[in-house]
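Using the hints, position chain B against chain A.
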Amino acid sequence: MSERLKDIVVSILFIVIIIGVFIANLVLKDNDISISERRKLAKFPTINSSIFSKSLTDEVEEYAMDQFLLRDEFRSIKTFVKLDILRQKDNNELFVIDGNIHKIEYPLDEKSVLNVTQKIDNIYNKYLNEDFNVFYSIVPDKNYFLDDNSIYLKLDYKKLNDIMHENINSNIKYIDIYNELAANDYYNTDTHWKQQNIVKIANKISKEIGFSDRITEEFETKEYTDEFYGTYYGQLGKKINPDNIEYLTNSYIENAITYNYETNKEARIYDIQKADLSMDKYDLFLSGATPIIEIRNNDAKTDKELIIFRDSFGSSLAPLFTQAYSKIILVDIRYISTDLISNYISFNSNQDVLFLYSTLVINESGALK
Amino acid sequence: MVFSSLTFLFYFLPIALIIYYIVPNKVKNLVLFITSLIFYFIGEPKYVILMIVSILSTYIHGILIEKYEKHKKKFLISSIVISLSFLVFFKYTDFIIENVNAIFNGSFDLLNLALPIGISFYTFKMISYIVDVYTKKVKVQKNFLKLATYVSLFPQLMAGPIVRYSTIEKELDERKYSFAVFSNGVRRFIIGLCKKILIADVLSDVVNSFSTVTEKTVLFYWIYAISITLQIYFDFSGYSDMAIGLGKMFGFNFPENFNYPYISKSVTEFWRRWHITLGTWFRDYVYIPLGGNRVGKLKWLRNILVVWILTGLWHGAAWNFILWGLLYGVLLIIEKLGLLKILEKIPAFLSRIYVMFVVMIGFVIFSVSGMSQIKECIGGLFGIGVDKIINKESIYYLLNYASIFIIAIIASTPIIKNIILKLKKKVPKAINILEPITLLLLLVVCVSYLVDGSFNPFLYFRF
Numbered sequence: 001m002s003e004r005l006k007d008i009v010v011s012i013l014f015i016v017i018i019i020g021v022f023i024a025n026l027v028l029k030d031n032d033i034s035i036s037e038r039r040k041l042a043k044f045p046t047i048n049s050s051i052f053s054k055s056l057t058d059e060v061e062e063y064a065m066d067q068f069l070l071r072d073e074f075r076s077i078k079t080f081v082k083l084d085i086l087r088q089k090d091n092n093e094l095f096v097i098d099g100n101i102h103k104i105e106y107p108l109d110e111k112s113v114l115n116v117t118q119k120i121d122n123i124y125n126k127y128l129n130e131d132f133n134v135f136y137s138i139v140p141d142k143n144y145f146l147d148d149n150s151i152y153l154k155l156d157y158k159k160l161n162d163i164m165h166e167n168i169n170s171n172i173k174y175i176d177i178y179n180e181l182a183a184n185d186y187y188n189t190d191t192h193w194k195q196q197n198i199v200k201i202a203n204k205i206s207k208e209i210g211f212s213d214r215i216t217e218e219f220e221t222k223e224y225t226d227e228f229y230g231t232y233y234g235q236l237g238k239k240i241n242p243d244n245i246e247y248l249t250n251s252y253i254e255n256a257i258t259y260n261y262e263t264n265k266e267a268r269i270y271d272i273q274k275a276d277l278s279m280d281k282y283d284l285f286l287s288g289a290t291p292i293i294e295i296r297n298n299d300a301k302t303d304k305e306l307i308i309f310r311d312s313f314g315s316s317l318a319p320l321f322t323q324a325y326s327k328i329i330l331v332d333i334r335y336i337s338t339d340l341i342s343n344y345i346s347f348n349s350n351q352d353v354l355f356l357y358s359t360l361v362i363n364e365s366g367a368l369k
Numbered sequence: 001m002v003f004s005s006l007t008f009l010f011y012f013l014p015i016a017l018i019i020y021y022i023v024p025n026k027v028k029n030l031v032l033f034i035t036s037l038i039f040y041f042i043g044e045p046k047y048v049i050l051m052i053v054s055i056l057s058t059y060i061h062g063i064l065i066e067k068y069e070k071h072k073k074k075f076l077i078s079s080i081v082i083s084l085s086f087l088v089f090f091k092y093t094d095f096i097i098e099n100v101n102a103i104f105n106g107s108f109d110l111l112n113l114a115l116p117i118g119i120s121f122y123t124f125k126m127i128s129y130i131v132d133v134y135t136k137k138v139k140v141q142k143n144f145l146k147l148a149t150y151v152s153l154f155p156q157l158m159a160g161p162i163v164r165y166s167t168i169e170k171e172l173d174e175r176k177y178s179f180a181v182f183s184n185g186v187r188r189f190i191i192g193l194c195k196k197i198l199i200a201d202v203l204s205d206v207v208n209s210f211s212t213v214t215e216k217t218v219l220f221y222w223i224y225a226i227s228i229t230l231q232i233y234f235d236f237s238g239y240s241d242m243a244i245g246l247g248k249m250f251g252f253n254f255p256e257n258f259n260y261p262y263i264s265k266s267v268t269e270f271w272r273r274w275h276i277t278l279g280t281w282f283r284d285y286v287y288i289p290l291g292g293n294r295v296g297k298l299k300w301l302r303n304i305l306v307v308w309i310l311t312g313l314w315h316g317a318a319w320n321f322i323l324w325g326l327l328y329g330v331l332l333i334i335e336k337l338g339l340l341k342i343l344e345k346i347p348a349f350l351s352r353i354y355v356m357f358v359v360m361i362g363f364v365i366f367s368v369s370g371m372s373q374i375k376e377c378i379g380g381l382f383g384i385g386v387d388k389i390i391n392k393e394s395i396y397y398l399l400n401y402a403s404i405f406i407i408a409i410i411a412s413t414p415i416i417k418n419i420i421l422k423l424k425k426k427v428p429k430a431i432n433i434l435e436p437i438t439l440l441l442l443l444v445v446c447v448s449y450l451v452d453g454s455f456n457p458f459l460y461f462r463f
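Protein sequences appear in the order of chains A and B. Going by this note's numbering, the first sequence opens with residue 1, and the numbers climb by one from there. Going by this note's numbering, the second sequence opens with residue 1, and the numbers climb by one from there.
Each statement offered as a hint is correct.
Once the Cα atoms are required to be at most 30 Å apart in a straight line, the calculated DSBU-like pairs of lysine-lysine come out as:
id, chain 1, residue 1, chain 2, residue 2
1, B, K392, A, K111
2, B, K46, A, K43
3, A, K89, B, K417
4, B, K388, A, K111
5, B, K392, A, K158
6, A, K103, B, K388
7, A, K119, A, K173
8, B, K388, A, K89
9, A, K369, A, K304
Each pair of labels, with its calculated beta carbon distance range:
id, chain 1, residue 1, chain 2, residue 2, range
10, A, D32, B, V81, 47 to 57 Å
11, B, N418, A, V16, 25 to 35 Å
12, A, V16, B, A430, 18 to 28 Å
13, B, L399, A, I35, 25 to 35 Å
14, B, Y21, A, D226, 53 to 63 Å
15, A, A24, B, Y20, 19 to 29 Å
16, A, R4, B, E256, 20 to 30 Å
17, B, P45, A, D226, 47 to 57 Å
18, A, R4, B, S204, 37 to 47 Å
19, A, R4, B, I34, 25 to 35 Å
20, B, T413, A, D98, 33 to 43 Å
In case anyone wonders, no lab produced these hints; they're calculated from the structure. Ideal placement from N, C-alpha and C gives every residue a C-beta, glycine not left out.
Okay, chain A solo, but in the shape it has when bound (with noise of 0.2 Å):
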């Protein structure tokens, strides 16, 4: 090629693509959301009073890299360049390990490990007693079972738990399950552990608690999809092989009904309907995050109740207690103030109460109202 000809190539090639680009980006219609990472898509923002403020560019650049033209591929090609190309370590703070997507959760938040001990001792002072059966649990993330040779960065565990337990109410008893748990126990491409693989913690949980011998019938496993594409994998933007959702269930789980207190909607435990339509397919449990949500046992043979505050790894662990209890209460936090739990919630001693929180929440807690 000569210099002539490719001076008018490089010329011609970089007006065709921006222009192209350009009037692609202009006829194309603008997604609303965005499947792989599960998130509402920036629009064009209106234009008014605003012109004058320095925010108006900041959300147009932000439309424009939302609505971009092949916009999941060029990420795709980001995490290639990074992790394949450059061998960076991570992209967005994701990382990849024998086909398991991990998150960098790093460093341990001391103040916000205070703060949950602070929630949960703010309940308990304000709606329990000593006449209460009162536990807690927490679930590890699964850096936690990273190789401690990993170069990757994870939280002080043990720091975590040492804060946990000394600042607790000592009337909150702690059933430890991280000797129970496994890397294979959670999804690859998620966050959340698997509801097959923790039958072991559910065993446990009720051995502590003491409503074991209130659980004798069996599990069977279904297959919810075969196709399950977590959290982490849209965030990542790497092709990983897809997680299956299988789920537990019974006869006592079968004939269970959700009662959702904040659409005041009934579902089944299992909520297949919701989360056929869910960008998250792990909504499969319980129907997703919601602020109170109970599991009404038909054919309990109790009248003990469980109430369980939770995050989302509670909505996975709750079904397989539900032959155990006449009613189970989840709580989230998140999603209501721990003042106003009593509009809708009477708490008695036939409950037992559990506070199960993964250390994703525990240290990043500000959610927590």
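Showing chain B alone in chain A's frame:
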């Protein structure tokens, strides 16, 4: 608006190029002026009027200097005072108030004014113009549109290079367009884009971690110092490359602003290669008018120190910038008084280590806020006040960014350029085929970083 944004690349630039190239030559300057005002308005909506008033003042003073020869000195001083007063008011008032409060135990409220982007650059351009009119180096520009186009020209409006009026005087009247110049501009622009997005912005993650890292080790301080040194170079020279490239796309030839400063063998050489247009501006409009080196030794030393304190102040209204400027002033004096001769005799790698060490310390002073952080960071490099030499977190940073450090260090030398030039002599056709492919791939990678990234303003917008 920044060049390294999707809105600039795929909205602003295509529209600007289409309109610019379809209108007849006689209205091209008008298109450029309006385009530049829109560009500035998008980034700094409140201060467009300020810039237009400044240009108008310079324009009128230029005409008055030419018309009233006897009073031209008064008009020169008046013009410079007006231009500088805008700069001083917006940039230095709070710094002055802070120091007055500190010295006299006062309690004057700060104004907390936002700094108009690019004001340090366009003020210097206007001063160079008016001084050159005064000294008759250039003819007065009687066409307001042409002068306004020169000052506000969007490729170099926000962060330089500080283009002299004399450099583009002819091009304001008539520009030549060719595929060779345009493709040269595209190449420079994409190289600049890569410097900014793939190196400077990536290293900014390390630099920003300075305040979040849990435990700083000696290794971390070194990683930080090296990162900030590389980040500032790639950010600023990347911007200059993009500005020069855009200038070529619109038919202008802007001066070079960087010439591989990190291969310098003395601080004197470093400042001939770093921010060249600023260095020459201070030489021509401050150092030489003060008498330069054609005065007694004491005055000569004073002249050097004045220039370097002003250079420091130009970069920011804070004591660390003055200290940074002063450091270079003192080093340049030491070099001129004899160190230069020693540096010429010792092996090149030793003199380069000396320069890089000094530059790195300089950029640590430049980048951190407050004297305590300067002490902490420089002390940290030598293990003072630090418990550990190394920890897992520091090792992670080192390994995570190792490839970026290697690429950045190589790219801050002319090695790649020299290899390409040699290959071009041997296999010109192959290189001509590879060039468009490489540029295309680099553009795609830059866009992928932008699509997945977040907004990162240029460091030199602060100045």
